[in-house]
Amino acid sequence: MKARLLHLSRQLVSWSALLPMALTVLVAYLGTVLWSLKVSLTNSRTFPSDEYVGLAQYERLFNNDRWLLSLENLALYGVLFIAICMLLGFLLAVFIDQKVMAEGALRTVFLYPYAMSFVATGLVWQWMLNPGNGIQQALRQLGWQDFTFDWIIDQDMVMYTIVIATVWQASGLVMAMLLAGLRGIDEEIWKAARIDGIPTWRVYVSIVLPMLAPSVATVFVLLFTAVIKLFDSVVSMTQGGPGTASEVPAKFIMDHLFGRANIALASAGSMVLLLTVLALVAPFLYARSRARRREERG
Amino acid sequence: MKLKLLTLALFMGLGALAHAAGPKAEVIHWWTSGGESAAVKQFSQAYTTAGGVWVDTAIALGEQARSVAINRIIGGNPPTAAQFNTSKQFLDIVEQGMLNNVDEIALRDGWDKFLPETVLNVVRVKGHFYAAPVNIHMPTWIWYSKSAFKKAGITAEPKSMDEMFAALDKLKAAGLIPLAHGGQPWQENIVFTAMLANVGGTELYLKVMRDRDPAAIQGDAFRKVLTSYKRLQSYVDKGAPGRNWNDATALLITGKAGMQIMGDWAKGEFALANQAPGKDYGCIAGFGARSPYVIQGDVFVFPKTSDAEAIKAQKLLASVMLSPAVQVEFSNKKGSIPVRTDVDSSRLDICAQQGLTIMKDKSRQLGNGEVYLNPDQNGSLSDILTAYWNKNVPVEKVQKDILAALKR
Amino acid sequence: MSAAPGRPRQARAPGGVRLTPARIGIYAFLLTAALFFLLPLYIMLVTSFKTMDEIRLGNIFALPLSVTLEPWMIAWSQACTGVNCNGIRGGFWNSVLIVIPSTVLPILLGALNGYALSFWKPRGSQALFAILMIGAFIPVQVMMYPLVRILASVGLFSSLPGIVTVHIIFSMPVMTLLFRNYYLSIPQELFKAARIDGGGFWRIFAQLMLPMSTPMIIVAAIMQVTGVWNDYILGLVFAGRDNLPMTVQLNNVINTTTGERLYNVNMAATILTSMVPLAIYFFSGRWFVRGIAAGAVKG
Chain U
0 MKARLLHLSR QLVSWSALLP MALTVLVAYL GTVLWSLKVS LTNSRTFPSD
50 EYVGLAQYER LFNNDRWLLS LENLALYGVL FIAICMLLGF LLAVFIDQKV
100 MAEGALRTVF LYPYAMSFVA TGLVWQWMLN PGNGIQQALR QLGWQDFTFD
150 WIIDQDMVMY TIVIATVWQA SGLVMAMLLA GLRGIDEEIW KAARIDGIPT
200 WRVYVSIVLP MLAPSVATVF VLLFTAVIKL FDSVVSMTQG GPGTASEVPA
250 KFIMDHLFGR ANIALASAGS MVLLLTVLAL VAPFLYARSR ARRREERG
Chain H
0 MKLKLLTLAL FMGLGALAHA AGPKAEVIHW WTSGGESAAV KQFSQAYTTA
50 GGVWVDTAIA LGEQARSVAI NRIIGGNPPT AAQFNTSKQF LDIVEQGMLN
100 NVDEIALRDG WDKFLPETVL NVVRVKGHFY AAPVNIHMPT WIWYSKSAFK
150 KAGITAEPKS MDEMFAALDK LKAAGLIPLA HGGQPWQENI VFTAMLANVG
200 GTELYLKVMR DRDPAAIQGD AFRKVLTSYK RLQSYVDKGA PGRNWNDATA
250 LLITGKAGMQ IMGDWAKGEF ALANQAPGKD YGCIAGFGAR SPYVIQGDVF
300 VFPKTSDAEA IKAQKLLASV MLSPAVQVEF SNKKGSIPVR TDVDSSRLDI
350 CAQQGLTIMK DKSRQLGNGE VYLNPDQNGS LSDILTAYWN KNVPVEKVQK
400 DILAALKR
Chain P
0 MSAAPGRPRQ ARAPGGVRLT PARIGIYAFL LTAALFFLLP LYIMLVTSFK
50 TMDEIRLGNI FALPLSVTLE PWMIAWSQAC TGVNCNGIRG GFWNSVLIVI
100 PSTVLPILLG ALNGYALSFW KPRGSQALFA ILMIGAFIPV QVMMYPLVRI
150 LASVGLFSSL PGIVTVHIIF SMPVMTLLFR NYYLSIPQEL FKAARIDGGG
200 FWRIFAQLML PMSTPMIIVA AIMQVTGVWN DYILGLVFAG RDNLPMTVQL
250 NNVINTTTGE RLYNVNMAAT ILTSMVPLAI YFFSGRWFVR GIAAGAVKG
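Chains as they are written, first to last, in numbering that gives the first Met the number 0: chain U, 0 to 297; chain H, 0 to 407; chain P, 0 to 298.
With the rest of the complex left out, here is chain U (with noise of 0.2 Å):
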């Protein structure tokens, strides 16, 4: 009885440590997607009405090719972005790892991007890729006459200099997060590895990174919640274009919410993209969770 008391109270210390956790998920996050629910079901403009209308803003959703088209942009552009962001930071982190000089200056170099806004490094970054008068133009001028570099404004690759960017302003972060795992790495596996003969990069493959496994992942979350959240860039960069080759489902749900003054839409587009994001993650905590509860039992 006593022990069960004891047990009980102590979940109830937990608990009350985790209240103001409770209370942002339950009224802020939970309440705001219900609430988007909702609202996607009506035919709201620019408040919420009561009018309900089924699965009509669902309907002219997948009819509307803006939409369709940000969707496919979405998934090259996450895919493209996490695997060379995740690449690009852990070669920087192991090669600064390697005692080089001016570590200090080289760590700031790459983590400045992530310090500026990108309303203006948007702006020069479409300044840069402009055929007219950025890269392309420059080499061109330095002689290279037949160099050709005018994907911003090519509606097939685009979504391509918008990796660019968003790489360089991020990857900074991921060396960051990565170069703190390696610095935490006992040096006595260094030893032990070359006492034992093996080669540095397998070192690094086949012990070192597994080693790393919970920064990369907690990196890969962050990195997968900008891909879903890449609103700011593609508006500073290409505003969506060449046409509407470069968008987005962020910005196609906030051109509907203000703009447009259509929330109703731009609710069932966020409903749409959570209930994506769901499935992507869904059997991955499953069978985390799985995994978890067979570790406790056995």
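Keep in mind the hints are simulated off the structure, nothing from the lab. Cβ atoms here follow ideal geometry from the backbone N, Cα and C, with glycine treated the same way. It cannot be assumed that every hint is accurate.
To be verified - Here are the computed distance ranges between Cβ atoms for each label pair:
| no. | chain 1 | residue 1 | chain 2 | residue 2 | range |
| --- | --- | --- | --- | --- | --- |
| 1 | P | L38 | U | V12 | 52 to 58 Å |
| 2 | U | R9 | P | G89 | 47 to 53 Å |
| 3 | H | P213 | P | D52 | 50 to 56 Å |
| 4 | P | G89 | U | V204 | 49 to 55 Å |
| 5 | H | G218 | P | Y41 | 51 to 57 Å |
| 6 | U | V204 | P | T19 | 19 to 25 Å |
| 7 | U | L67 | H | E395 | 21 to 27 Å |
| 8 | P | L38 | U | A216 | 49 to 55 Å |
| 9 | H | Q217 | U | L277 | 40 to 46 Å |
| 10 | H | A172 | U | L277 | 54 to 60 Å |
| 11 | P | G89 | H | Q217 | 50 to 56 Å |
| 12 | U | F146 | P | D52 | 27 to 33 Å |
| 13 | P | G89 | U | A104 | 30 to 36 Å |
Dock chains H and P against the given chain U, drawing on the hints supplied.
Just chains H and P now, kept in the frame of chain U:
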């Protein structure tokens, strides 16, 4: 006796203090650049002179400013006045009963006597005046660089659409960029509006935009408008997508491009580079003696409040902003034309004077798309136009899509 | 990338290393990467020292023909942001007042949440955490309207406590994730030993776990300071007119619908605004690395 005098002096002092703080008005607007700041200062200074206290809350970008205004109204902390466009943007908040009307000032000052009908129909909703219009911009002016024209051997200003295409061809032959353009949806919307006004004419314009008549939208005349619009795309340089409108105007300023279709706010960029209308650049309002004047503009709405001081402030704002002298000074700095048809235009530049003359003619007044379409319809139309501009879509499909978009 | 097989890792000093192909490779990669990263900054700096006439000519890589410091002075104290033309400096202290509580509180809460989630695991907390993480994917603007109504109903809308609350709400997922993953890598034996010694929930947190979290606190601080300092939309809507952060002035300087754009001033203003996060990176870099190496973020 001394005590009485002292008490009297104290009360007068307090009275003076109370008067010194006149009706306080917090105004949300999106005029943040140097030129715009000089313009809105005309309002704030006039308001202060009239005894009020202007509290400025400037927020860049119209969409952002409007959404903050709406959020603050919902959150219970509304500004005294908020800027919107002469459009259907504020109809929803009128419907929700979130605005005060300014009928008292409108009736007292006789707004229905000097406001152009197009503007009147926007600010007067269900018989009440819910917005104070402060200026008229025209988005479809055609600007041309005199030096570029000289280089291409164009001696006279084009007087018709055909002459304009001929001029564009000459500019192309001379190795210049014929049409300076920024590839952003709203800019493509402007080019389309210019074509609808100049190639389609006033009647077709109203049939399509105001009446949304299916026969007109699917007809041959509208098809001609669309193909002229698409034809202009071939005169635009490769670097156009995403370009800011200022960078396109810069091409005219540096003589690299010949023409640009843009609103009268472009005069600000020219002025910054010390170029003068008539000397370094020219302005064409439209082709033909009956060319329409497309009306776009800014208004201020007054969020609902029962605070007596705030209501006083709202009324004072409405009357100050529409007074003749202030109207001229504001438009002078802003590049627009006054919203009053009864002001002295001698202080405005030659392009603005030309504009005001045309605007006064009731039969030539047209509203911009947002005057007739709600934001959602206008946005859908923009999407279709941008897609047509950038891709090879058969024009019949474009007509069908526009019909579907405007039907909503 | 060792110099020669058999040589111990610590004996390699930067200066006295043999230039093997591997070593050259490292430097080549780092320098190339540095060039890629620095190119936009070069353009920003160069643009900020040019006159608008020069910028209009369109040669973005060219060095300024006539260097001018005016854009910087205008950006700081004279640029127009509405009726007032006082540059971006006005919002500086507002930003500071917002950043400090919006960094300290989320970090504390994140650490607390992570601690409770990884060591105590009360029933139902994992589900709550999962929902919290899903919340991290919702774009800010979608939550705007409901949050405005909620904050208005408790009287926090348009106030400093209001904007701090909003920052706490939006940063909770990431902060909790950071600390939870960090604490998961700390051996449970430590925790069990503390419990046996008679420590309760709060004692163990304050006296054992929090002091051990220094490296993660630094990482979290870097992320949070950057995020809050550069935040625009939340400060704009929730902070109230008298507490508007510097980013609002920055945006007013840079963005305009139909006004003229002074690109040189915009670049100068952006660089000025980013000075605070940059300074934080620069100075915390020392602790960041040293702390990590000593405190061990165990893999």
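Could you work out which of the previously given hints the structure breaks and list their numbers from low to high? 8
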